[in-house]
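10 protein chains.
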Amino acid sequence: MPKPQLLETFPNPYADRKYEIYMETNEFTSLCPLGGVETDAAELKLLEGGAPDFATIKITYTPAEKCLELKSLKLYFWSFRNDGIFYERAVNHIMDDLVAACQPHALTVVGDFNVRGGLKSIITASYTRD
Amino acid sequence: MPKPQLLETFPNPYADRKYEIYMETNEFTSLCPLGGVETDAAELKLLEGGAPDFATIKITYTPAEKCLELKSLKLYFWSFRNDGIFYERAVNHIMDDLVAACQPHALTVVGDFNVRGGLKSIITASYTRD
Amino acid sequence: MPKPQLLETFPNPYADRKYEIYMETNEFTSLCPLGGVETDAAELKLLEGGAPDFATIKITYTPAEKCLELKSLKLYFWSFRNDGIFYERAVNHIMDDLVAACQPHALTVVGDFNVRGGLKSIITASYTRD
Amino acid sequence: MPKPQLLETFPNPYADRKYEIYMETNEFTSLCPLGGVETDAAELKLLEGGAPDFATIKITYTPAEKCLELKSLKLYFWSFRNDGIFYERAVNHIMDDLVAACQPHALTVVGDFNVRGGLKSIITASYTRD
Amino acid sequence: MPKPQLLETFPNPYADRKYEIYMETNEFTSLCPLGGVETDAAELKLLEGGAPDFATIKITYTPAEKCLELKSLKLYFWSFRNDGIFYERAVNHIMDDLVAACQPHALTVVGDFNVRGGLKSIITASYTRD
Amino acid sequence: MPKPQLLETFPNPYADRKYEIYMETNEFTSLCPLGGVETDAAELKLLEGGAPDFATIKITYTPAEKCLELKSLKLYFWSFRNDGIFYERAVNHIMDDLVAACQPHALTVVGDFNVRGGLKSIITASYTRD
Amino acid sequence: MPKPQLLETFPNPYADRKYEIYMETNEFTSLCPLGGVETDAAELKLLEGGAPDFATIKITYTPAEKCLELKSLKLYFWSFRNDGIFYERAVNHIMDDLVAACQPHALTVVGDFNVRGGLKSIITASYTRD
Amino acid sequence: MPKPQLLETFPNPYADRKYEIYMETNEFTSLCPLGGVETDAAELKLLEGGAPDFATIKITYTPAEKCLELKSLKLYFWSFRNDGIFYERAVNHIMDDLVAACQPHALTVVGDFNVRGGLKSIITASYTRD
Amino acid sequence: MPKPQLLETFPNPYADRKYEIYMETNEFTSLCPLGGVETDAAELKLLEGGAPDFATIKITYTPAEKCLELKSLKLYFWSFRNDGIFYERAVNHIMDDLVAACQPHALTVVGDFNVRGGLKSIITASYTRD
Amino acid sequence: MPKPQLLETFPNPYADRKYEIYMETNEFTSLCPLGGVETDAAELKLLEGGAPDFATIKITYTPAEKCLELKSLKLYFWSFRNDGIFYERAVNHIMDDLVAACQPHALTVVGDFNVRGGLKSIITASYTRD
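Chains as they are written, first to last, in full-length UniProt numbering: chain A, 1 to 130; chain B, 1 to 130; chain C, 1 to 130; chain D, 1 to 130; chain E, 1 to 130; chain F, 1 to 130; chain G, 1 to 130; chain H, 1 to 130; chain I, 1 to 130; chain J, 1 to 130.
Some hints could be false.
Restraint-style ranges between C-beta atoms, simulated for each label pair [unchecked claim]:
no.: 1; chain 1: I; residue 1: A64; chain 2: E; residue 2: S126; range: 31 to 41 Å
no.: 2; chain 1: B; residue 1: N114; chain 2: E; residue 2: D83; range: 46 to 56 Å
no.: 3; chain 1: A; residue 1: A15; chain 2: B; residue 2: M1; range: 19 to 29 Å
no.: 4; chain 1: D; residue 1: K18; chain 2: J; residue 2: K66; range: 29 to 39 Å
no.: 5; chain 1: I; residue 1: T128; chain 2: D; residue 2: A15; range: 38 to 48 Å
no.: 6; chain 1: B; residue 1: T128; chain 2: J; residue 2: P13; range: 38 to 48 Å
These are computed hints drawn from the structure, not numbers from a lab. These numbers were taken from a predicted model, which means no experiment stands behind them. Glycine included, each C-beta is placed from N, C-alpha and C at the ideal position.
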């Protein structure tokens, strides 16, 4: 299961102004709970969790009091590696975890998933503090 | 004929918020009812439906209660393979079928068709729920 | 001379909604009345009309009752091949001819001409129905 | 079934010398006899022949007495559209048909197939006259 | 008809050594004698010579006593504009004309023609002095 | 010194409507009055005016009564070749000269200068008629 | 551990000639036994096998009697997902497994690994049958 | 430590109008105070300040009375080379130093840092004069 | 006139082995003695030497006892700025000057000249020590 | 000074065969002993060693008994950061150090240095064991 407890923050050194931080990794991988478009039941037993999914994850946020610590973010992404989760849920789940961790002014998560069945999928979820 | 009954949906896991889903395939093919810009009558008998058209189809939507299921979308696109349909009609037809299937907040379909007679064509149709 | 009478249309199958059609050709060629930046008088006699110009023409429009028929558009562009016309006039002329033929909600023509004298030229003209 | 009888040739206008002709289409599509990596049995009934495959086909040859006629080559490729054939067989089959039709000095066929199951495949077969 | 008499040369300033000259134009256009893959008979009357073809022509040669004069080469290419000629013939014809004009150690002509009927064609012809 | 007197215009053939003209050259060169980031005093004597600068100049304007003549624009740019002028001054100077010559509705000049001292510079100046 | 027993083959339909098959996946991932350049000991406990590595794997081979079945190749690559293996060993191991499975005339494996510590690594191993 | 005293300015030659200046360098390097995502304690002793960071820095500003002198900006960037500073602090620090030096109408600094731990980071800070 | 006396060298620090040095500049400009393809006589008076030519110059050499000093090479290229010279002569002239200056094992000069009259020219000359 | 003692190796796991390893970093930086093309004497005092140089270093080798350890290679490159060294010397020095450390069958080092004075430099040195 994704482990939001891995996420660490540090005090924003310029909390008195609004500025933007973008982070991107092309090394996100998880498993598809149903095996997805391209996998039959027999194959799923191999990995005991579903067929692998691969994505580039892009995060843009405006920090308030806290900034996301880069190394902890890497470990948080690792924690998706061996669990099954759908595209739509993964992207919204990441957004909720990051918002809870650093309580930013605003935050957007884009998940750009590899082609499956000839179809590419990109999911975008955004948060703005009221 | 395109088979909208192939389209399946699943409940949007985050129906309480607006977020965006983009899907794209470069494997869309149909037939041109008249043979189009590049085909004469004799050639049309070969395929009993018209000369082949090829396109990249791009879909962007904001789901409401339902999300489009990826595998069923693939099959729905397959159902255009052996029928004749004009560019303008194909794009608007896809838009209407997808809107009927998942009743989204908003949805856009772009059909980017291969060059014919030295001319490239891109058709864009959009829907917004009132 | 350009032959707008070559342009044909067909009834817009979805005239009840606004959607966008984009068409592009990189096979537009005409002649320059004065020979342009790169040609002297002796050379002009060769073609009895001026030095060749080459351009990519890009058309974007929102159809109303009529759509432009693709094959007739190809022939219309051919009719510029052996006549002399300036860049600015060509782009505006095409825009006027297309608007007259299909009476759209809106239409834009972009003429992206090859480098002459080390200078690239791009002309853009737009029409919106009142 | 592929129809080699569609292939036409014309006399090579420069048969006294060796020169090279390259032709390429990104509009090749056939069906996979087994449904391939990404398709289960239920889906195959939709098209009564297998899941669609898409490829770019590239042909390079040195003509001897005959050249391949371009329009007939287009129709020959169309004849693969509704039949099931494996990648390896398709590429070698095309090579044999083209060699039989024009009896060239040499000929190479490359089939560059779309990603399936996260895997891209490119098959290359070559012929040289003894 | 192509006019090789337009071709001019100047004495090679370094005729005592072998070096290479490459020239390329993306503004080559001619007419197809039969209308080619994409044109029916009615359309051909428009231009009284055939449907337009477009190509990039690439020339590589090792000059001997004479170099090809650039401006005259431009005019030579213009002389193809209003005559019908097949791809294979055009490329070999250009090669023969250039060899006759400058009698080089070696010369290659590549004609890279625009897509017709979904098919791209590239013709390559080479000459080496014995 | 730049020679605005070289600039010529012709009557805008469609002065009754607003449309846009873009022109670009990657062959702009001038000299740096101080030798700039990368040149010492001894080197400056070589050219008697400063170290060479190179830029791509991009002009976008909405013509009113007059259009800028392309060939005269080329010659105007040549007139910067042997004089020293700073980046900021060059771009604003060109803008003022072009506005004076053709009195447009609006005009923008972008000067995109080559890397000096590891730093790239792009200057943008705009004019809008009151 | 990598599972070569997952690899399946089918009889080469054109075993009487030599031709080439290329396959590529950008979805290869394994674990680094030591955590690699970028990971400390505490992080390794998270995945109980090492830090994740990502690579594009490219295979080129000339089949003899047997061809590698695409779907089984996909599953074979999945079997690296949760085990630790060094770059050099992974590429040579894959080469040995594929050669053992299909006994080809020749086979090359390229592993193009993601940047670690600012360094990109590409390993290439080749086999030729004696 | 960064040395803002290195920054020099010159009088804006067109201070009566608003125009934009963009400058970019891909040669920015500093040290990470903690060694960052990819470095352990032993390695840090090598450079006595932390592991190296690399970034492209992009500056856009609207000058008021003063312009930033290019050569002094180069030297100012050099002064970060041997000191430890976090991404977020570096970008905001640069912005504050440049604003103090030239008091512009507006100024934006973007720091696009190299991949660390599979993650790319881009920080953007903006200033607008009240 | 080009000034080969500007070229300086320094002793090759590894003269006991053969290795390769490549240098490239996209800031070469000279004048065309005849005004070239695109310029008439009146225009030539402006620059008193001919129309400007622009090229990228690429040098590859294997040093023997001496290496070409980078700064002096820059100044040597500047010395072409205000003199008229043909493409073929310029490239061979540069080759001869560089060979004379550093007496290398081998040296190649490529001059890649900007488009003139729709034609691009690339000249390549090579030297090998006997 | 570069510290070859930082280089570590591990036993080649497949020492019985020849295969190739490629490694590349775009984070190499050193100082120029003389300040190089773009720096005057006053600037050099800032860094007490010379103006910064930046390069991409590319290594290709065929390991014999030992492989280069990736992490130690990273630290070895760091050791060039604060010392002055010329391009030609740096590339040959790296080659000698790597050959001494791992005694490979063959090894090539390419140093691709950033533009200085409008000139790009690429140095290539190769070693083959007798």
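These are the hints, each one checked on the structure:
no.	hint	verdict
1	A64(I) - S126(E): 31 to 41 Å	holds (35 Å)
2	N114(B) - D83(E): 46 to 56 Å	violated (29 Å)
3	A15(A) - M1(B): 19 to 29 Å	violated (60 Å)
4	K18(D) - K66(J): 29 to 39 Å	violated (50 Å)
5	T128(I) - A15(D): 38 to 48 Å	holds (39 Å)
6	T128(B) - P13(J): 38 to 48 Å	violated (60 Å)
Checked against the numbered hints listed earlier, the structure breaks hints 2, 3, 4, 6; every other hint is satisfied.
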